[in-house]
Each structure stands twice: as structure tokens, then as C-alpha cells.
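Student: Next come the chains, spelled out residue by residue.
2 protein chains.
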Amino acid sequence: MQNFTFHNPTRILFGSGQIAAIHQEIPSGARVLMTYGGGSVVKTGTLAEVKAALTDFTLLEFGGIEPNPTYETLMQAVALARREQVDFLLAVGGGSVIDGTKFIAAAIPFAGEPWDMLAKQAPITAAVPFGTVLTLPATGSEMNSFSVITRAATQDKLGFGNPLVFPRFSVLDPTKTYTLPPRQVANGVIDAFVHIAEQYLTYPDDAKVQDRFAEGLLLTLIEDGPKALAEADNYAVRANLMWTATLALNGLIGAGVPQDWATHMIGHEITALHGLDHAQTLAIVLPAMLQIRRRDKREKLLQYAARIWDLHDGDEDARIDTAIRRTRDFFESLQVPTRLSSYGIGPEAITPLVRALERHGMTALGERQNVDLEQSRQVLALAC
Amino acid sequence: MQNFTFHNPTRILFGSGQIAAIHQEIPSGARVLMTYGGGSVVKTGTLAEVKAALTDFTLLEFGGIEPNPTYETLMQAVALARREQVDFLLAVGGGSVIDGTKFIAAAIPFAGEPWDMLAKQAPITAAVPFGTVLTLPATGSEMNSFSVITRAATQDKLGFGNPLVFPRFSVLDPTKTYTLPPRQVANGVIDAFVHIAEQYLTYPDDAKVQDRFAEGLLLTLIEDGPKALAEADNYAVRANLMWTATLALNGLIGAGVPQDWATHMIGHEITALHGLDHAQTLAIVLPAMLQIRRRDKREKLLQYAARIWDLHDGDEDARIDTAIRRTRDFFESLQVPTRLSSYGIGPEAITPLVRALERHGMTALGERQNVDLEQSRQVLALAC
Numbered sequence: 001m002q003n004f005t006f007h008n009p010t011r012i013l014f015g016s017g018q019i020a021a022i023h024q025e026i027p028s029g030a031r032v033l034m035t036y037g038g039g040s041v042v043k044t045g046t047l048a049e050v051k052a053a054l055t056d057f058t059l060l061e062f063g064g065i066e067p068n069p070t071y072e073t074l075m076q077a078v079a080l081a082r083r084e085q086v087d088f089l090l091a092v093g094g095g096s097v098i099d100g101t102k103f104i105a106a107a108i109p110f111a112g113e114p115w116d117m118l119a120k121q122a123p124i125t126a127a128v129p130f131g132t133v134l135t136l137p138a139t140g141s142e143m144n145s146f147s148v149i150t151r152a153a154t155q156d157k158l159g160f161g162n163p164l165v166f167p168r169f170s171v172l173d174p175t176k177t178y179t180l181p182p183r184q185v186a187n188g189v190i191d192a193f194v195h196i197a198e199q200y201l202t203y204p205d206d207a208k209v210q211d212r213f214a215e216g217l218l219l220t221l222i223e224d225g226p227k228a229l230a231e232a233d234n235y236a237v238r239a240n241l242m243w244t245a246t247l248a249l250n251g252l253i254g255a256g257v258p259q260d261w262a263t264h265m266i267g268h269e270i271t272a273l274h275g276l277d278h279a280q281t282l283a284i285v286l287p288a289m290l291q292i293r294r295r296d297k298r299e300k301l302l303q304y305a306a307r308i309w310d311l312h313d314g315d316e317d318a319r320i321d322t323a324i325r326r327t328r329d330f331f332e333s334l335q336v337p338t339r340l341s342s343y344g345i346g347p348e349a350i351t352p353l354v355r356a357l358e359r360h361g362m363t364a365l366g367e368r369q370n371v372d373l374e375q376s377r378q379v380l381a382l383a384c
Numbered sequence: 001m002q003n004f005t006f007h008n009p010t011r012i013l014f015g016s017g018q019i020a021a022i023h024q025e026i027p028s029g030a031r032v033l034m035t036y037g038g039g040s041v042v043k044t045g046t047l048a049e050v051k052a053a054l055t056d057f058t059l060l061e062f063g064g065i066e067p068n069p070t071y072e073t074l075m076q077a078v079a080l081a082r083r084e085q086v087d088f089l090l091a092v093g094g095g096s097v098i099d100g101t102k103f104i105a106a107a108i109p110f111a112g113e114p115w116d117m118l119a120k121q122a123p124i125t126a127a128v129p130f131g132t133v134l135t136l137p138a139t140g141s142e143m144n145s146f147s148v149i150t151r152a153a154t155q156d157k158l159g160f161g162n163p164l165v166f167p168r169f170s171v172l173d174p175t176k177t178y179t180l181p182p183r184q185v186a187n188g189v190i191d192a193f194v195h196i197a198e199q200y201l202t203y204p205d206d207a208k209v210q211d212r213f214a215e216g217l218l219l220t221l222i223e224d225g226p227k228a229l230a231e232a233d234n235y236a237v238r239a240n241l242m243w244t245a246t247l248a249l250n251g252l253i254g255a256g257v258p259q260d261w262a263t264h265m266i267g268h269e270i271t272a273l274h275g276l277d278h279a280q281t282l283a284i285v286l287p288a289m290l291q292i293r294r295r296d297k298r299e300k301l302l303q304y305a306a307r308i309w310d311l312h313d314g315d316e317d318a319r320i321d322t323a324i325r326r327t328r329d330f331f332e333s334l335q336v337p338t339r340l341s342s343y344g345i346g347p348e349a350i351t352p353l354v355r356a357l358e359r360h361g362m363t364a365l366g367e368r369q370n371v372d373l374e375q376s377r378q379v380l381a382l383a384c
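One line per chain: the protein sequences are A and B, in this order.
In terms of this note's numbering, the numbers along the first sequence are unbroken and rise by one, the last being 384.
In terms of this note's numbering, the numbers along the second sequence are unbroken and rise by one, the last being 384.
Everything labelled a hint here was simulated from the structure, so no lab data went into it.
This one's a predicted model, so the numbers in the text were calculated from it and none came from an experiment.
Don't take every hint at face value.
Because identical chains cannot be distinguished in the list, a pair is counted as satisfied if it fits within a single copy or across any two copies.
The calculated lysine to aspartate or glutamate pairs, modelled on EDC-like cross-linking and capped at a C-alpha distance of 20 Å, are [said to hold, decoys possible]:
1) K227 x D205
2) K51 x D87
3) K227 x D206
4) K227 x E113
5) K120 x D315
6) K43 x D233
Sequences and hints are given; from them, build the entire structure.
Tutor: This is the structure:
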């Protein structure tokens with residue numbers, strides 16, 4: 001096990017009806033800017049429920065944060081928040097709204113060009129505090145300090161992280177996910193699955209607890225992901241998925257272990273250049289990534305085959321093949337295709353994607369920093 | 001899954017050499033009172049290492065906090081801290097020192113008789129901040145807000161909990177556990193094991209993640225507990241045990257699930273009246289408790305039999321019997337006897353123990369509040 005620091009101060013309010021409790025979590029007298037995405041939180045009544053819980057506060061709104069939230073949109077919220085002297089933010093939505101709100105929170109007090117926080121790792125020394133009301137279990141952003149933002153003008157999709165952008169609290173009410181479209185449910189399951197894979201499918205490092213926690217989360221996704229699509233209002237299923245997606249990326253299973261993230265880096269470029277959903281890109285890249293890097297990941301792939309897919313006997317390479325195939329089949333069973341071609345993207349897309357990786361300095365990816373541009377090209381070729 | 005709030009702000013500094021980092025975690029200019037137990041942290045050099053890391057601070061010391069820390073001893077530290085205007089505490093030791101330090105932290109600013117915090121649930125509105133350097137993985141006190149204190153004069157052993165007594169940070173350096181006596185290592189494994197059992201072996205409540213996390217921790221204890229006794233300086237083993245014991249009682253696996261704690265309540269009385277180690281009492285009580293309450297716990301016992309002891313086939317009652325027997329055998333394999341008689345305690349001890357439970361209001365224990373004094377008597381009789 002590697003040395004690590006683990007610190008996660010986000011307060012989780014989990015369960016049906018918890019939105020009513022959020023007024024206790026916001027400093028009295030706060031000027032609150034509520035951020036959200038499209039109309040779904042309006043249509044489902046979640047926004048109205050949040051407003052009803054916050055009648056004691058000055059409440060402003062900023063809607064229209066898009067999936068893969070853009071710098072251009074978010075800077076409008078920053079201007080509004082500065083103008084209105086907002087001192088608390090409340091993100092109501094999924095990972096995109098929360099990621100966007102983290103950017104807004106850090107950008108409001110930032111002196112200079114806020115994009116530099118991402119493009120130049122400019123130091124972040126302050127952020128407006130914020131909470132979240134999660135409506136889409138997927139990214140884990142509700143309990144971590146990371147954010148990924150897209151600059152529409154340049155098609156750059158970059159991340160930043162800072163302890164100052166941990167949410168102060170997050171409401172996880174599984175009933176708020178009943179009305180999600182199946183595509184978003186499936187995307188959420190895959191997003192969480194690949195978050196876990198990035199922290200688990202590397203090489204053994206004597207971290208038994210982290211491994212078993214990761215495996216417990218994967219098994220839960222495999223059991224309950226399909227059920228969530230079949231039974232939209234099954235509370236137990238939605239609750240298990242929601243808590244799983246949060247724990248998949250709150251720092252716990254990644255503490256003290258090697259981490260990969262090459263699948264995410266390549267996926268980001270596919271979204272930036274072709275507009276695919278984040279989870280779609282992960283479903284495309286992960287199976288190919290595991291296949292191309294099967295030698296480096298051999299021991300963990302065998303453990304994954306045994307503990308997740310119950311493959312204990314016979315030829316080791318055959319077990320790995322089967323485990324990767326089952327992973328692909330699982331994604332496909334959620335109606336998320338796992339080939340670039342299924343999204344109308346042909347082999348001619350590979351070179352621009354590799355160039356984008358190069359432009360963003362993604363030339364030594366993975367837990368061993370040995371995924372160079374040539375290996376990324378191979379992964380993309382296998383994903384066609 | 002039940003509704004829950006989860007919030008754990010303790011910062012964990014995990015790994016070899018982390019003591020050197022603690023000066024960054026204490027406010028500059030702080031007057032620090034270092035608390036510890038017997039001479040072992042002196043002998044092993046851990047105390048000197050902590051002192052060397054804190055040369056920039058005013059450092060005071062209070063040693064002599066005993067196992068099952070007493071109100072009488074701790075009040076001496078409270079007097080010292082008040083006299084010396086201490087504004088940060090640093091516990092160096094195991095669960096007893098940390099539990100004791102939580103009491104000191106809350107007692108220093110407490111107006112009135114601090115024992116009332118335990119005996120009368122007097123509200124706690126302030127506490128001196130503190131950190132810990134853990135030397136004995138066992139209680140989880142290093143990452144939770146609970147504390148158990150004994151009043152020597154009356155043989156009362158009572159607990160309190162408050163968010164104000166979360167440690168600000170805890171250093172978990174596995175190398176600091178190499179020199180522990182085997183008895184303390186074994187006790188620590190059993191303490192963590194029973195903490196998990198109290199949160200897991202209840203009844204099913206659709207909490208797949210909490211179940212699988214609990215199972216992952218149990219499996220790690222079963223695998224690495226005996227190894228820690230056999231290979232004192234195996235870093236990987238000590239690291240896995242240390243992180244397991246912390247996660248066994250940091251609120252995570254208990255969030256949203258029914259909890260038992262009857263074994264602990266009965267165990268506390270055995271320690272108070274007979275002076276046994278806390279873990280010894282748990283090793284005595286748990287197997288008898290599971291046997292007596294096997295009907296209420298049937299579904300989880302079958303799950304435990306399957307996932308922990310690989311018992312999948314044949315008669316269900318036989319599987320439960322085997323699972324309980326293996327639990328007992330595991331404790332015995334760590335050289336911790338599981339019968340009252342092995343500690344020279346006969347059946348005549350039962351009535352005084354039951355009376356002590358009654359005196360402390362422990363008349364409706366367990367996840368269903370149906371463990372009355374008669375059932376506790378049955379458990380003790382079976383544990384003879």
C-alpha cells in the first residue's frame with residue numbers, strides 16, 4: 001500500500017425527503033445562487049422542492065448548465081454571482097451541474113482569468129462554499145473535489161481539483177432519480193463502473209481493503225444496474241446505485257493504490273471532438289484499453305475475472321478474454337454500444353483524436369505512465 | 001436502506017514516516033498537550049519522534065492514561081490543560097488514549113461536572129481540537145467521534161459521542177505497530193471484527209454496499225490477523241490491518257443499516273466487574289450472542305456463512321452452526337479464549353453482570369431492542 005492522505009469533509013444527507021433538511025446546512029442570511037441544467041429539474045418538481053426548503057434565504061437562479069459544462073456558460077454565472085454578491089451556491093442536478101458549480105465557486109473570488117485554473121494550474125486560494133442536490137448518480141462529483149470543464153471555443157476538456165471545492169453537503173435522495181431517462185441511468189452505471197476500474201484494474205499493491213471495496217461496488221453495479229432500467233421506482237435499487245456511484249469516486253477506493261485514468265483521458269477527447277456522452281466514450285474505450293494493456297494489468301485482470309465474473313479455472317488468458325468480453329456485454333446490456341462505429345465514427349477519426357491527446361500533453365498515461373500516443377492509437381483502433 | 005447522515009471530517013495521514021508531517025496539521029503557536037498511556041510509546045521511540053516533529057510548538061505531556069481510561073485519571077489531565085491554557089491535544093497511543101483524549105477535549109471547556117456528559121447526556125457545545133498518532137489498530141477511535149470512559153470509583157463504563165470530538169487528523173503509520181505485544185495485536189483484530197459484526201450481523205435492509213464493505217473488512221482480518229502474529233514486521237499485513245480497523249468503525253459501514261451493539265454492552269460490564277481486556281469480553285460474548293439470537297439474525301447469518309466462510313450448501317442451520325463455530329475458532333486461533341471459564345469466571349458471575357446491565361438501563365439491547373435481561377442472562381450462561 002502506498003502512503004496516502006485521505007480527507008473528505010462532505011456531509012452526505014442520504015434518503016427520501018432529505019431536501020427538506022438543507023436549510024440547516026446553509027449559513028443563515030446567505031445569498032444563495034441555485035445552479036441547474038436543463039428543464040428536467042423544473043419538470044420533475046425537484047427545483048420547486050428545493051425552493052420550498054429555502055424560503056428563509058435570498059435565492060437566485062442560474063439555469064442552462066449543459067452536459068460537459070462549458071467555460072463560456074459558467075462565466076455568465078460567475079458574472080451574475082459577483083454582481084449579486086452571492087455567498088453560497090447550491091447545485092441541483094447531476095455531475096455536469098456540480099462540476100460546473102465547482103468552477104463557478106472557485107472562479108468568483110479568482111483574480112485573473114479563471115480558465116488558467118485549468119489550463120495553467122493557477123493556484124486556487126479561495127472558493128465560495130456550496131452544497132449539492134444530486135439528481136443523477138454517476139460522476140461522484142457530489143463527494144469529491146474534482147471538476148472537468150470544456151472550453152467550447154477550442155474544444156478543450158480539462159480538469160481541476162482542489163480541497164476548497166469539496167461540497168459542504170450533498171443530498172442524495174434516490175427518489176429523485178426515478179424519472180431519469182434510461183439513457184442517463186445507463187450512463188451513470190457505466191460512469192461509476194469505469195471510475196472504479198480506473199482505480200482497481202492496475203497492478204497489485206497489497207491493498208486488500210481498497211480492492212474488496214472496489215469489487216463490492218462493481219458487483220452492486222452489475223446486479224442493480226439492469227434492475228434500475230427494468231424497475232424505475234425500485235427504491236432499494238436506486239439507493240444502492242446512488243451510494244455506489246458516490247463511493248466510486250470519493251477518494252476512498254483510490255487511497256493508497258496506483259491509478260490509471262487513461263480511459264478517461266482518451267474518452268474526454270472523443271467527447272470534445274464528436275460530442276458523445278461521457279459514459280459512451282468510457283464504454284467504448286475501456287474494453288479496448290484492457291485488451292491492449294492486458295500484460296501490464298495481468299494480475300489484477302485475473303483477480304477481476306475471479307471475484308467479479310466468477311472465473312476461477314482453466315487457461316489464464318482465456319479467463320482474461322472472458323472477463324473483458326463480459327465487461328463489454330454488461331455495457332451493451334445497458335443499451336450502450338461499445339464500438340466507435342456504432343456511433344458513426346470511423347477509423348479516420350483516430351489521428352485527430354491522437355493529435356488532441358498530444359496537444360493536451362497526454363503522452364504518458366496510465367498507472368505506469370507508459371501509455372504513449374502509439375498505444376492510445378492502438379486502443380482507438382481496437383475500439384473501432 | 002435507512003436514511004442517514006454521513007460526515008467524517010478526520011484527515012488520515014497513512015503510511016510510514018507520516019509523523020514528520022503533523023506539524024503542518026496543528027495551528028502555529030498552539031500550546032499542545034501530548035497525551036499517552038504507559039511506557040511503550042517511550043520505549044519504542046514513538047514519543048520522541050512526535051516531539052521531534054513538534055519543536056515549533058509549546059509542548060506539554062500527560063502520561064499514564066490506562067487501558068479502559070478512567071475519569072479519575074483524565075480529570076488530572078483536564079486540570080493540567082486548564083491550568084496551562086492548552087489549545088490543542090495530541091493523543092499518542094491506542095484507543096484508550098484516544099478515547100480518553102476525547103473526554104479531556106470536551107471536559108476542558110465544559111461548565112459543570114464533566115461526568116454528566118456521559119451519565120446524564122449533558123450537552124457538549126465545545127471541545128479543544130486534537131489529533132492522534134495511532135499505535136494500536138483496534139478501536140477505530142482515530143476516525144470517529146465516540147469515546148468510552150470508566151469511572152473507577154463506581155465501576156461504571158459509559159460512552160459518549162459528539163461531532164466536536166472527531167480528531168482533526170490521525171497518523172496511521174503501520175511500522176509503529178511492529179513492536180506491539182501479540183496479545184494487543186490479537187485484541188485489536190478481534191475488536192475490529194466485532195465492531196463489524198455489530199453493524200453487519202443484524203437483518204437485511206437492502207444495503208448492498210455496506211454489506212460488501214463489511215465483508216471485505218472481515219475477510220481481510222481473517223486473512224491478515226494470523227499473519228500479523230506470525231510476521232511482526234510485515235508492512236503490507238500491518239497496513240491492511242490498520243486501515244481495516246479504522247474503516248470498521250468510522251461510520252461508513254454503519255450508515256443506513258440497523259446496528260446491534262448488544263455484545264459490546266455486555267462486554268463492557270465484564271470488563272468493569274472482572275477487568276478483562278475489552279477484546280477478550282467481545283470474543284466471549286459474540287459467539288454466544290449469535291447462537292442465542294440465531295433466529296432474529298438468520299438471514300444475515302446465512303449470508304455471513306456464505307460470503308465469509310464459503311458455506312453455500314446443505315442444511316441452513318448446520319451452516320449457521322459452522323459459521324459461529326468458525327468465528328469462535330478464529331478468535332481462539334489468535335490465542336484469545338472465548339469462554340468465561342477460561343478466565344476463571346464461573347456461573348456465579350452472571351447475576352451481578354445482569355444486575356449491572358440493569359443498573360445502566362441496558363434492558364432492551366440489539367437491532368430490534370428485544371435483548372432483555374433474560375436474553376442477556378442466556379447469552380452469559382452460554383458463554384460460561
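Student: If a hint holds in the structure, say so; if it doesn't, say that too.
Tutor: Going down the list of hints, with the structure as the test:
Only between protomers do K227 and D205 lie at most 20 Å apart by alpha-carbon distance; the minimum there is 17 Å, versus 34 Å within a single protomer. Taking CA atoms no more than 20 Å apart as the test, K51 paired with D87 passes inside one copy only; the shortest distance there is 17 Å, against 41 Å between copies. Within a single copy, K227 and D206 get their C-alpha atoms only as close as 34 Å, which misses the 20 Å cut-off; across copies the closest is 14 Å, which meets it. In this homomeric assembly, K227 and E113 never come within 20 Å of each other (Cα to Cα): the closest approach is 45 Å inside a single copy and 55 Å across copies.
For the homomeric pair K120 and D315, neither the shortest alpha-carbon distance inside one copy (48 Å) nor that between copies (64 Å) is at most 20 Å. In this assembly of identical chains, K43 and D233 lie within 20 Å of each other by CA distance solely inside one copy; the values are 17 Å within and 60 Å between copies.
Of the numbered hints stated above, those contradicted by the structure are hints 4, 5, listed in ascending order.
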